[in-house]
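Novice: What follows is the residue order along each chain.
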Amino acid sequence: MRESKGLAVPVDPLVPPPAAGAGLRGGGALKAIAGVGAAASLAWASIRALRHPRIYLPLTWAQVWEIGIASLPLVLVVSMIAGAVTSEQTGYQYSSTLPPWIVGSVITASVVTELGPLSTGLVLVGRVGARIGAELGAMSVTEQIQALRTVGRDPVLYLVLPRVLAALLAVPALVILADAGGMLAGWAVALVRVPVTTSEFAAGARAYFRPFVLYFSLIKGAVFGVSIAFVACVAGLRASGGAAGVGRATTTSVVVATVLMMVWDLFLARLLRVFG
Amino acid sequence: MIRIERLRKRFGAQEVLRGVSLTVPEGRTLVLLGPSGVGKSVLLKSVIGLLEPDDGEIWAGGVELTGGAPSAIEAVRRTMGYVFQYSALFDSLTVAENIILGLDERRWPPEAPATRARLLECLRWVNLSPSTAPRYPAELSGGMQKRVAVARAIVAEQRYLLYDEPTAGLDPVNAANIAGLIRRLQSELGVTSMVVTHDLDLAREVADQVAILEAGRIVADVPGPALDALDHPMLRAFGRWPYEPAADVV
Numbered sequence: 001m002r003e004s005k006g007l008a009v010p011v012d013p014l015v016p017p018p019a020a021g022a023g024l025r026g027g028g029a030l031k032a033i034a035g036v037g038a039a040a041s042l043a044w045a046s047i048r049a050l051r052h053p054r055i056y057l058p059l060t061w062a063q064v065w066e067i068g069i070a071s072l073p074l075v076l077v078v079s080m081i082a083g084a085v086t087s088e089q090t091g092y093q094y095s096s097t098l099p100p101w102i103v104g105s106v107i108t109a110s111v112v113t114e115l116g117p118l119s120t121g122l123v124l125v126g127r128v129g130a131r132i133g134a135e136l137g138a139m140s141v142t143e144q145i146q147a148l149r150t151v152g153r154d155p156v157l158y159l160v161l162p163r164v165l166a167a168l169l170a171v172p173a174l175v176i177l178a179d180a181g182g183m184l185a186g187w188a189v190a191l192v193r194v195p196v197t198t199s200e201f202a203a204g205a206r207a208y209f210r211p212f213v214l215y216f217s218l219i220k221g222a223v224f225g226v227s228i229a230f231v232a233c234v235a236g237l238r239a240s241g242g243a244a245g246v247g248r249a250t251t252t253s254v255v256v257a258t259v260l261m262m263v264w265d266l267f268l269a270r271l272l273r274v275f276g
Numbered sequence: 001m002i003r004i005e006r007l008r009k010r011f012g013a014q015e016v017l018r019g020v021s022l023t024v025p026e027g028r029t030l031v032l033l034g035p036s037g038v039g040k041s042v043l044l045k046s047v048i049g050l051l052e053p054d055d056g057e058i059w060a061g062g063v064e065l066t067g068g069a070p071s072a073i074e075a076v077r078r079t080m081g082y083v084f085q086y087s088a089l090f091d092s093l094t095v096a097e098n099i100i101l102g103l104d105e106r107r108w109p110p111e112a113p114a115t116r117a118r119l120l121e122c123l124r125w126v127n128l129s130p131s132t133a134p135r136y137p138a139e140l141s142g143g144m145q146k147r148v149a150v151a152r153a154i155v156a157e158q159r160y161l162l163y164d165e166p167t168a169g170l171d172p173v174n175a176a177n178i179a180g181l182i183r184r185l186q187s188e189l190g191v192t193s194m195v196v197t198h199d200l201d202l203a204r205e206v207a208d209q210v211a212i213l214e215a216g217r218i219v220a221d222v223p224g225p226a227l228d229a230l231d232h233p234m235l236r237a238f239g240r241w242p243y244e245p246a247a248d249v250v
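Those protein sequence lines, which keep their order, are chains A and B.
If you read the first sequence in the working numbering, its first letter stands for residue 1, the second for the next number, and so on.
If you read the second sequence in the working numbering, its first letter stands for residue 1, the second for the next number, and so on.
Keep in mind the hints are simulated off the structure, nothing from the lab.
Keep in mind that the hints are not guaranteed to be accurate.
In silico contact screen, one side only, chain B against chain A (beta carbon under 10 Å); selected entries [what the hints assert, rightly or not]:
hint	residue
1	Leu50
2	Arg77
3	Leu103
4	Trp108
5	Ala153
6	Val155
7	Asp164
Heads up, the beta-carbon is just placed ideally off N, CA and C, and yes, glycines get one too.
Please work from the sequences and hints to get the whole structure.
Specialist: Shown next as structure tokens:
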């Protein structure tokens, strides 16, 4: 027999919080604490679930397609626009006072260290984070998550781990392509608008570029990807209360992942300064 | 046999179950009646392990599910099937995939002939044709979805079946079909069942034993045939009491 634990707030990530009126009414801080507790619990459950690759790996490949390949066109469009805008702004601000090749350095620095990962992350927050939050949220409110448990399947293994691992694999690859797309667009705009020659642009890019910058971009992609997928999984699994609950889970996925991504960006910028 | 002793469950300040005790003999069907929100589903979900009770004991097949050895608990839980109020079928999976999800895929590979045979057998049990197998839940009526949910709950030859409002949202014909199915599964497969409902017709049809849950406590626990003689304010509040067969026919 178990004694009462007296927990007012469930921390099991797979147990949605009680409905309004069942104990947490008006307790925004408590809900936030419960959310952090649920996230920690889910993270630990995910780590433990890593020992069953036979189950989650096939599902992970399917999610790599959803998160990676299906997001590629939008990621490329957004990163290319970001690169083109950066080139335009750089040309406007620097061409009269600095040598033209510096445009290549500035665009490389901006796109590879910041705009490529960030624009990819923002696209994925909307496209992937919202989708995962809504999908798992709908499964939660229609008791599909609980049904999965009653047939002996662990939702962490079948739903969470494949999505988080797919994001870990796919997002860095997307970031590299976004970096390339942004650089390409930046170069094309610079040719016309600065103006700068291709050899000057390339010289500027080479002057800035070091392998660490690329690694840094990859690290950012991996951190952003895992954050987006994981936050959406937590929000989705904790959804309750019908359609409104699914809406809240989707909003939470987008808002929390965006803020978390910016916080990571700040932290990683410090990392670049220290190690770069 | 399922035995529940002094079960308590609290959500925040609200104590939903306040020392519930019940026993369902082997191969029998207990119907748990009660208005919405009194904790009937919480009780059922505590039995199958979806919710952890704060206090009390749950026993099934001689194993304490609230404190026994984890491997023994897992073994018993594998013999339990659960039919959700709104079926809870997986939207993205076909009927066949939904049903065989309840099987251990190491023993029952999805493409194996034995798995296919088991699937067809389950579909037969719930009166669904094999042509239903490749369809998606959204393509089925509510009654058919419910029957798929029952098929999923029995696919691994479960000994215990827990039904949460099995006739909710169904028309009288489909509700009668589900009631007949519950009765047949009990009589032919010998499963021990708990049925949570506020459908008195269903209770009359399937109950060997009827309990009433009110304000977190069991306030009546009688043999099924005694239901019509039971005079309880909650039953009167259902608006169909006292039972008048002649009026039903009209």
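Novice: A separate judgement is required for each hint: does it hold in the structure or not?
Specialist: Going down the list of hints, with the structure as the test:
A distance limit of 10 Å between C-beta atoms decides the matter here; for Leu50/B the minimum to chain A is near 5 Å, and the interface restraint holds. The closest approach between the C-beta of Arg77/B and any C-beta of chain A is roughly 8 Å, which is under the 10 Å cut-off, so the hint is satisfied. For Leu103/B, the suggested interface contact is upheld, since its CB lies about 9 Å from the closest CB of chain A, less than 10 Å. Because the closest C-beta pair between Trp108/B and chain A is about 12 Å apart, greater than 10 Å, the hint is violated.
Because the closest C-beta pair between Ala153/B and chain A is about 8 Å apart, less than 10 Å, the hint holds. A cut of 10 Å between beta carbons decides the hint on Val155/B: the least distance to chain A is about 8 Å, and the hint holds. Annotation: Asp164/B was flagged as interfacial toward chain A, and the flag holds, the nearest CB pair being 9 Å apart, inside 10 Å.
Checked against the numbered hints listed earlier, the structure breaks hint 4 alone; every other hint is satisfied.
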